[in-house]
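First to last, the sequence lines map onto chains S, X and Y. Just so you know, we're using the working numbering here: the first sequence kicks off at 1 and counts up by one. Just so you know, we're using the working numbering here: the second sequence kicks off at 1001 and counts up by one. Just so you know, we're using the working numbering here: the third sequence kicks off at 2001 and counts up by one.
Be careful, since some hints might not be right.
Here are the simulated DSS-like pairs of lysine-lysine, each with C-alpha atoms no more than 30 Å apart in a straight line [said to hold, decoys possible]:
| no. | chain 1 | residue 1 | chain 2 | residue 2 |
| --- | --- | --- | --- | --- |
| 1 | Y | Lys2117 | Y | Lys2100 |
| 2 | X | Lys1055 | X | Lys1196 |
| 3 | S | Lys17 | X | Lys1170 |
| 4 | X | Lys1234 | X | Lys1170 |
| 5 | Y | Lys2027 | Y | Lys2165 |
| 6 | S | Lys17 | X | Lys1234 |
| 7 | X | Lys1055 | S | Lys17 |
| 8 | X | Lys1196 | X | Lys1062 |
| 9 | Y | Lys2314 | Y | Lys2027 |
Pairwise CB distance ranges, derived in the manner of DEER restraints [unchecked claim]:
| no. | chain 1 | residue 1 | chain 2 | residue 2 | range |
| --- | --- | --- | --- | --- | --- |
| 10 | Y | Lys2117 | S | Ala3 | 51 to 61 Å |
| 11 | S | Ser81 | X | Ala1239 | 24 to 34 Å |
| 12 | X | Lys1234 | Y | Asp2179 | 51 to 61 Å |
| 13 | S | Gly75 | X | Arg1227 | 41 to 51 Å |
| 14 | X | Asp1369 | Y | Ala2024 | 29 to 39 Å |
| 15 | X | Gly1314 | S | Asp10 | 49 to 59 Å |
| 16 | Y | Arg2072 | S | Ser81 | 47 to 57 Å |
| 17 | Y | Arg2099 | S | Gly75 | 49 to 59 Å |
| 18 | S | Gly30 | X | Lys1234 | 30 to 40 Å |
| 19 | X | Val1406 | Y | Ala2168 | 24 to 34 Å |
| 20 | Y | Ala2064 | X | Asp1369 | 41 to 51 Å |
| 21 | X | Arg1227 | Y | Gly2034 | 39 to 49 Å |
| 22 | S | Asp10 | X | His1070 | 49 to 59 Å |
| 23 | X | Pro1058 | S | Ala3 | 21 to 31 Å |
Hints listed in this document are in silico derivations from the structure and should not be mistaken for laboratory results. Since this is a predicted model, take the numbers as computed values, not measurements. The beta-carbon is built from N, C-alpha and C at its ideal position, and this holds for glycine as well.
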Amino acid sequence: MSAHTLLNIDGRLVRVKTGSSVAAALRVAGGTGVARISVGGQPRAPFCGMGVCQECRVLVDGRRRLACQTVCTEGMRVETSE
Amino acid sequence: MSSVVPERCDVLVVGAGPAGMAAAVAAARSGASVVVIDDNPAPGGQIWRDGPGAKLPPAARKWRDALERHANIRVRSGTRVVAAPSPGELLLEDAEGAVRMRWSKLILCTGARELLLPFPGWTLPGVTGAGGLQALIKAGLPVEGERIVVAGSGPLLLAAAATARSAGAKVLRIAEQASFASVARFGAGLARWPGKAAQAVALADSCYRTSSHVVSAGGAGQVESVRLRQGNGKEVEIACDRIACGFGLVPNTQLGRMLGCALASDGFSARGLQVDARQATSVPGIYAAGECTGFGGSERALAQGSIAGHAAVGDERAAAAHEGERARWDAFAAQLHRGFALHAGIRVLPRPDTLVCRCEDVPFSVLQDCSGWTDAKLHRRCGMGACQGRVCGDAAQFLFGWTPPVPRPPLSPVRIATLAGLGEVVGGADARQ
Amino acid sequence: MDADVIVIGAGIVGAACAHALADAGAKVLVLDAGIGGATGAGMGHLVVMDDNPAELALSRHSIAQWRELAPRMNEDCAYSACGTLWIAANDEEMAEAERKLQRLRADGIDSRLLDAKQLAAAEPALRKGLAGALEVPGDGILYAPNAARWLLAQHAASIRVEQAKVDAIEEDGTLRLADGSRRAAPCVVLANGIQATALCPELPIRPKKGHLLITDRYPGTVHHQLVELGYVTSAHHSEGDSVAFNVQPRPTGQLLIGSSRQFDTTDAAVEAPMLARMLQRALDYLPGLANLNALRSWTGMRAASPDGLPLLGKHPWRERLWLAVGHEGLGVTTAPGSAHLLAALMTGATPGFDAAPYAPRGLREAA
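Can you build the whole structure from these sequences, using the hints too?
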């Protein structure tokens, strides 16, 4: 297995250590690691890290999933914000 | 539309942390078919979470190897429990599909989540739980060169700080709300427990401050600073990139409660699942072990898990063999709880406009006008979002004393296709083992 | 006397009655047991129903009242004039859509037919191959728990709400509460849904259990309340368990999915096979729902009368007692209209439409 994985986040190619979560990849992609926009229009990033708070909801290959519990795979397509 | 696949096993273990792994290995020794499900990508729970940023201790590797060695243990990672559509059956979902799993014995090892309390600015990117930051770093979050303030309460703050430092971050402060006296008592008592002496040394960290708590997080669009209240009553503002703040652990009892298991009512196991000497819950056929019975640490979880696994397959002798170990760590757990009790002062953390329900943006002032959880939910949307009231429910319980109702299915957000697939039993009794 | 009128039940019907009576100058005491009923469980769909002239008269009058109230209601009442699309899956249902169109138009209710292409443009998420739809733009949706609260708050000076369970209605109309105390008024209105039969066993009210499910936020997926035309036949004519396609776009962007009907069970638990049946029906029309996440499922108990019309009027033999019960799945739609009728009957005013069809009927004679 390669030491790094390449995935697509909001149209940008991102390179992460293999085995990284999508939550980690959001941060590697640059910026503040924002996953979604809140009801009130504010940026939200992963918060609880363990699949409880639902702040890290993103689209992974078209399905809404939690970034903190999803491991990056080669060629994965991630879209942030609702 | 994919249908829900029926499967069955003798012993179903929910949770692959220390308790779940010990339970599975214990049960497997009898030859029973064991399935372990866990919502994380790999076994280990929180304390032994794997990932590019994790350093697994030998114990973690030993238990994971044990899981793999047993041909009659099947591990389903990335899997959540959604519902209990009929007695002796759980509906499970993962990224690919769904399974209705029939079980003869059920062992709940659902662990604990962090108590995350609201304070002004807590929704800014860069604010996480303390255990939350540790989990994110283990899963590959880069924090090299970042300035981090750890706050809240409990020994988890030290573990989180250690993980952050190992990953190249600068921990500027560890703000513990408990008093020096409480923590010192706890630290002095640590020498009794093998392996915990190191923790006592960690408490002497130069950044560690007691009687100290977060007042607010500041920044435009992300964390830029944190305001802390110190023991001397003064406040200090520290420029930083992250705030990792958690106030201890809350047992994950949702699945147990939905299945009808009673909660423990006494002492420090308050709000954990009630279990007897064999880790049996109040519902026949269902056992529970680990942090979901009350916070006690990984050593106790292993002991409880072993007892539960042996008891579930009827091996009384093997179960009894772990009683001494469990008793030792029960005493440690009691000490832990005394040391880090949350003091009333942090109930005044939120300001009127501080959001309490993060999913639906419901502020503190709105909840202050509500008569209880049902009122807050039905009329103000608190708890109607994706976290299904977990974060705000914990906060509301702490701030107002509101008890949350018994959880209803689905226990977590679930694809409609999965729920729609429960119409007919596909193939009847000929389920795969 | 504790008030001019006591209303039992602070759900949408009780609240509307209290509001209408306060409008007419009465001092009202509302007693609510705090156990929650259909108001907190239902869809809040404001829908003109035309199964029969009496239903049509009540629902259209009532929706017009909601439309008048809407501009004054709080944002959290979530009134939205999204309209209803009655979906025709085949030519037979399209013929029913045309008949419905004629009936509504004859009553002056704006409606139009959409062919298959127009339907696909209006609701791209619907599956291909549907025949078309009847659009009723005047229909809407409302968040009933907050609307009920709002109605009560409009007359804060003359409406008092007390959390109390009424254990019995005594012979002279006095109410005995669970704590042993009593309340009395010259008039009492019974408006507490399926709980009404606990106080008046003679009422011909049966519980009809319904399942609902709501998704996470997916704004823009659906734009109107979508109901299958087969809903009409299954809702009112079958005795067994039934499901029908019924999906509502919440202002939050969530999708609220119904509907199901089961008779005579009061077990509030969600039944997985029933929920599955309901969702399978929904997937028939909106296949894209399959990959959307559900957040909550729950049930509610509709109070059903034998002919599907509510009982509005004086109790035939009990002292001082008036009835506003049996609204089944149209409680929110017909609350203001029911309240208008009942208040008129109680005060001797002339109601805006004929009250005769809803006069209390079918009560079982006292033993």
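Q: With a cut-off of 30 Å on the C-alpha distance, tell me whether Lys17(S) and Lys1234(X) pass.
A: The given pair, whose Cα atoms are some 43 Å apart, is violated under the 30 Å limit.
Q. Between Asp1369(X) and Ala2024(Y), does the C-beta distance stay in 29 to 39 Å?
A. Distance hint for Asp1369(X), Ala2024(Y) holds at roughly 30 Å.
Q. Are Lys2117(Y) and Lys2100(Y) close enough, with their CA atoms no more than 30 Å apart?
A. It holds: about 20 Å lies between the C-alpha atoms, which stays within 30 Å.
Q) So does Arg2072(Y) sit 47 to 57 Å from Ser81(S), Cβ to Cβ? A) Once the Cβ atoms are compared, 35 Å apart, the range 47 to 57 Å for Ser81(S) and Arg2072(Y) is violated.
**Q.** Consistency of beta-carbon spacing, Asp1369(X) to Ala2064(Y), with hint 41 to 51 Å
**A.** Given a distance of about 33 Å, which is not inside 41 to 51 Å, the answer is violated.
Q.
I want to verify a distance hint. Is the separation of the beta carbons of Lys1234(X) and Asp2179(Y) within 51 to 61 Å?
A. holds (52 Å)
Q: Sort out whether Lys2165(Y) lies within 30 Å of Lys2027(Y), counting only the CA atoms.
A: holds (20 Å)
Q) Taking 49 to 59 Å as the hint, is the beta-carbon distance of Arg2099(Y) and Gly75(S) inside that range? A) holds (54 Å)
Q) Is the hinted range of 51 to 61 Å satisfied by the C-beta distance from Lys2117(Y) to Ala3(S)? A) holds (54 Å)
(Q) Checking one constraint from the list: CA of Lys2314(Y) to CA of Lys2027(Y), max 30 Å. Satisfied? (A) Given that 30 Å is the threshold and the Cα spacing comes to 19 Å, the pair holds.
Q: Look at the Cβ atoms of Gly30(S) and Lys1234(X) and judge whether their distance stays inside 30 to 40 Å.
A: The hint (30 to 40 Å, Cβ to Cβ) holds, given that Gly30(S) and Lys1234(X) are roughly 37 Å apart.
Q.
Just to be careful, I want the Cα atoms of Lys1055(X) and Lys1196(X) compared with a cutoff of 30 Å; is the pair within it?
A. holds (18 Å)
Figure legend: structure checked against the earlier numbered hints; hints not met, in rising order: 6, 16, 20 and 22.
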